[in-house]
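**Student:** Those sequence lines, one after another, are chains A and B.
Using my numbering, read the first sequence as starting at 2 and increasing by one per residue.
Using my numbering, read the second sequence as starting at 57 and increasing by one per residue.
Hints listed in this document are in silico derivations from the structure and should not be mistaken for laboratory results.
Being a predicted model, the structure only gives us computed values, none of them experimental.
For each residue, glycine too, the CB sits at the ideal point set by N, CA and C.
Any given hint could be a false lead.
Okay, derived cross-link-like pairs now, SDA-like style, lysine to any residue, Cα gap no bigger than 20 Å in a straight line [as the list claims (entries may be wrong)]:
(1) Lys219/A with Leu61/B
(2) Lys78/B with Asp210/A
(3) Lys64/B with Ala225/A
(4) Lys201/A with Leu61/B
(5) Lys64/B with Gly207/A
(6) Lys64/B with Glu224/A
(7) Lys78/B with Gly207/A
(8) Lys201/A with Thr76/B
(9) Lys201/A with Glu73/B
(10) Lys64/B with Gly230/A
(11) Lys59/B with Ala223/A
(12) Lys155/A with Glu65/B
(13) Lys60/B with Leu211/A
(14) Lys78/B with Tyr214/A
(15) Lys78/B with Tyr204/A
(16) Lys64/B with Lys201/A
(17) Lys155/A with Ile71/B
(18) Lys64/B with Tyr204/A
Residues from chain B that face chain A, not an exhaustive set, calculated with beta carbons under 7 Å [unchecked claim]:
(19) Leu66
(20) Glu68
(21) Asp70
(22) Ile71
(23) Leu72
(24) Glu73
(25) Ala74
(26) Gly83
(27) Cys130
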Amino acid sequence: MKIAKTGNEAMAEAMRQINPDVVAAYPITPATEIVMIFSQFVADGLVDTEYVAVESEHSAMSACIGASAAGARVMTSTSSQGLALMYEMLYIAAGLRLPIIIAEVNRALSSPINIHGDHSDTMGARDSGWIQLFSENSQEAYDNMLQAVRIAEKAKLPVMVTTDGFIISHCMEVIDMLTDSDVKKFVGEYNPERFLLDVKNPYTLGAIDLQDYYFEHKMQEAEAMKNSGKIILDVAADFNKSFGREYGFFEKYKLDDAEIAIVCMGSTAGTAKVVVDELRAKGIKAGLLKPRVFRPFPYKEISDELSHLKAVAVLDRSDTFSAYGGPLFTEITSALFITRYSLPVTNYIYGLGGRDINTDALKKVFEDLLKNAASKKIENPINYIGVRE
Amino acid sequence: MNKKLGWKELPEGDILEAGTAKNFRTGDWRSLKPVYNAEKCIQCFICWINCPDSAILVKDGKVVGIDYDHCKGCGICAKECPPKATAITMEDEKK
Chain A
2 MKIAKTGNEA
12 MAEAMRQINP
22 DVVAAYPITP
32 ATEIVMIFSQ
42 FVADGLVDTE
52 YVAVESEHSA
62 MSACIGASAA
72 GARVMTSTSS
82 QGLALMYEML
92 YIAAGLRLPI
102 IIAEVNRALS
112 SPINIHGDHS
122 DTMGARDSGW
132 IQLFSENSQE
142 AYDNMLQAVR
152 IAEKAKLPVM
162 VTTDGFIISH
172 CMEVIDMLTD
182 SDVKKFVGEY
192 NPERFLLDVK
202 NPYTLGAIDL
212 QDYYFEHKMQ
222 EAEAMKNSGK
232 IILDVAADFN
242 KSFGREYGFF
252 EKYKLDDAEI
262 AIVCMGSTAG
272 TAKVVVDELR
282 AKGIKAGLLK
292 PRVFRPFPYK
302 EISDELSHLK
312 AVAVLDRSDT
322 FSAYGGPLFT
332 EITSALFITR
342 YSLPVTNYIY
352 GLGGRDINTD
362 ALKKVFEDLL
372 KNAASKKIEN
382 PINYIGVRE
Chain B
57 MNKKLGWKEL
67 PEGDILEAGT
77 AKNFRTGDWR
87 SLKPVYNAEK
97 CIQCFICWIN
107 CPDSAILVKD
117 GKVVGIDYDH
127 CKGCGICAKE
137 CPPKATAITM
147 EDEKK
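Could you put together the complete structure from these sequences and hints?
**Tutor:** In structure tokens form, the structure reads like this:
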């Protein structure tokens, strides 16, 4: 059914259709609407969910962990400082292998305080053991939420589905929603193998684990993340078969015959597609690769898709403050190196604190790429665009 | 615990089966050892009530000794044993 929805509305509708057992959340801009709309669904009796109003995001994730360990299907939503406040609990959720879902709306981190969209918050959680799915628009946010449930429960890993704050969360777009019964059938029932309320099969969860066993458990977690790649692809294939929308580790846009390309995640990919089309009309072989899955990082697949290019620009909507570029850049350059590909790759950090990225800025990046492709050299590996001097 | 399990054998996600604490020999931690004297014992069960490690052995409704596999040597039993009885005394653990 085609219907106009904001990113937040799309994610809240997905949660309604998934009908989780427990939602524990603390509202924060720009994700507030997701739990606000969802709590209305609870009040109106449209879902069977136990809604837990908590006093902080740390408590929200703690309550989610408790409920998930008990055997419930659990979701929450947050953003920015909220995700940062969940920090220690994120690692516990992943370490206990609990399939919790966060609808995460990307927003800048303080300081300076800022409520607008960039990827700093989500990137801060990139090594917490959560699967991370990025969405370009409301449709992808909706579809990713539905797939996240299946991925999380099969991989026994938590999943965060992200949209870009305000740019997607508050923009109305037409999305194609599935029927309630189709979603119910697709996500299925949650039947965990082990759960704490299974009183006939008692066990201890989260015991202290020192030099003798901690490493083995972390190895299991690393292996689970490695194996989740296939699960993500299998769920995407089933989604495509059922509903005719294609997903994978990434989306390629006019990439196969491209000579130069941009790599970027989230809403900026939409702008980049417009620029690619304009350049193609002028006979310039431009392309785009938009990673959807940042964790696990599909390094081989991304390297293979980029290997034929003459120059690549990786766009990061967050900085690592490492004096060595953004997080997507460092992943991609190291991936290319260990898969033995050598090509000029440059980094552009952009859009911090929700600063607009427009088509002119992206055209400038492609102009730089044409130069790099011709010279086979890199003048400035790390660049900041759209910032005043 | 005898053989340590590898990551492929362990249950996933920091799960421990219930009732496995008894397999862990905390008695190895002891520096002082409680010694039980059956002749002096008045069967008041105060040591059994107070032992934090459930290491007072009971058989047929009577205290019969100490479970040295799990006694950590805290000395609470000796301290709580009524002064007129002093059926439990602490001695240095001989290593």
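**Student:** Compare the structure with each hint and give your call.
**Tutor:** Checked hints:
1. Lys219/A with Leu61/B: 14 Å, holds
2. Lys78/B with Asp210/A: 17 Å, holds
3. Lys64/B with Ala225/A: 11 Å, holds
4. Lys201/A with Leu61/B: Given pair lysine 201/A, leucine 61/B is violated - Cα atoms ~24 Å apart, limit 20 Å.
5. Lys64/B with Gly207/A: Between lysine 64/B and glycine 207/A the Cα gap is close to 18 Å, so the pair holds against 20 Å.
6. Lys64/B with Glu224/A: 10 Å, holds
7. Lys78/B with Gly207/A: 18 Å, holds
8. Lys201/A with Thr76/B: 16 Å, holds
9. Lys201/A with Glu73/B: 12 Å, holds
10. Lys64/B with Gly230/A: 19 Å, holds
11. Lys59/B with Ala223/A: 23 Å, violated
12. Lys155/A with Glu65/B: 19 Å, holds
13. Lys60/B with Leu211/A: 13 Å, holds
14. Lys78/B with Tyr214/A: 18 Å, holds
15. Lys78/B with Tyr204/A: 14 Å, holds
16. Lys64/B with Lys201/A: Status violated; Cα separation ~25 Å.
17. Lys155/A with Ile71/B: 18 Å, holds
18. Lys64/B with Tyr204/A: 19 Å, holds
19. Leu66: 6 Å, holds
20. Glu68: 5 Å, holds
21. Asp70: 5 Å, holds
22. Ile71: 5 Å, holds
23. Leu72: At 4 Å from the nearest chain A Cβ, leucine 72/B passes the 7 Å test, so the hint holds.
24. Glu73: 6 Å, holds
25. Ala74: Where the cut-off is 7 Å and the nearest Cβ of chain A is about 4 Å from alanine 74/B, the hint holds.
26. Gly83: Since chain A brings no Cβ nearer than about 18 Å to glycine 83/B, farther than 7 Å, the hint is violated.
27. Cys130: With Cβ-Cβ at 19 Å, over 7 Å, it is violated.
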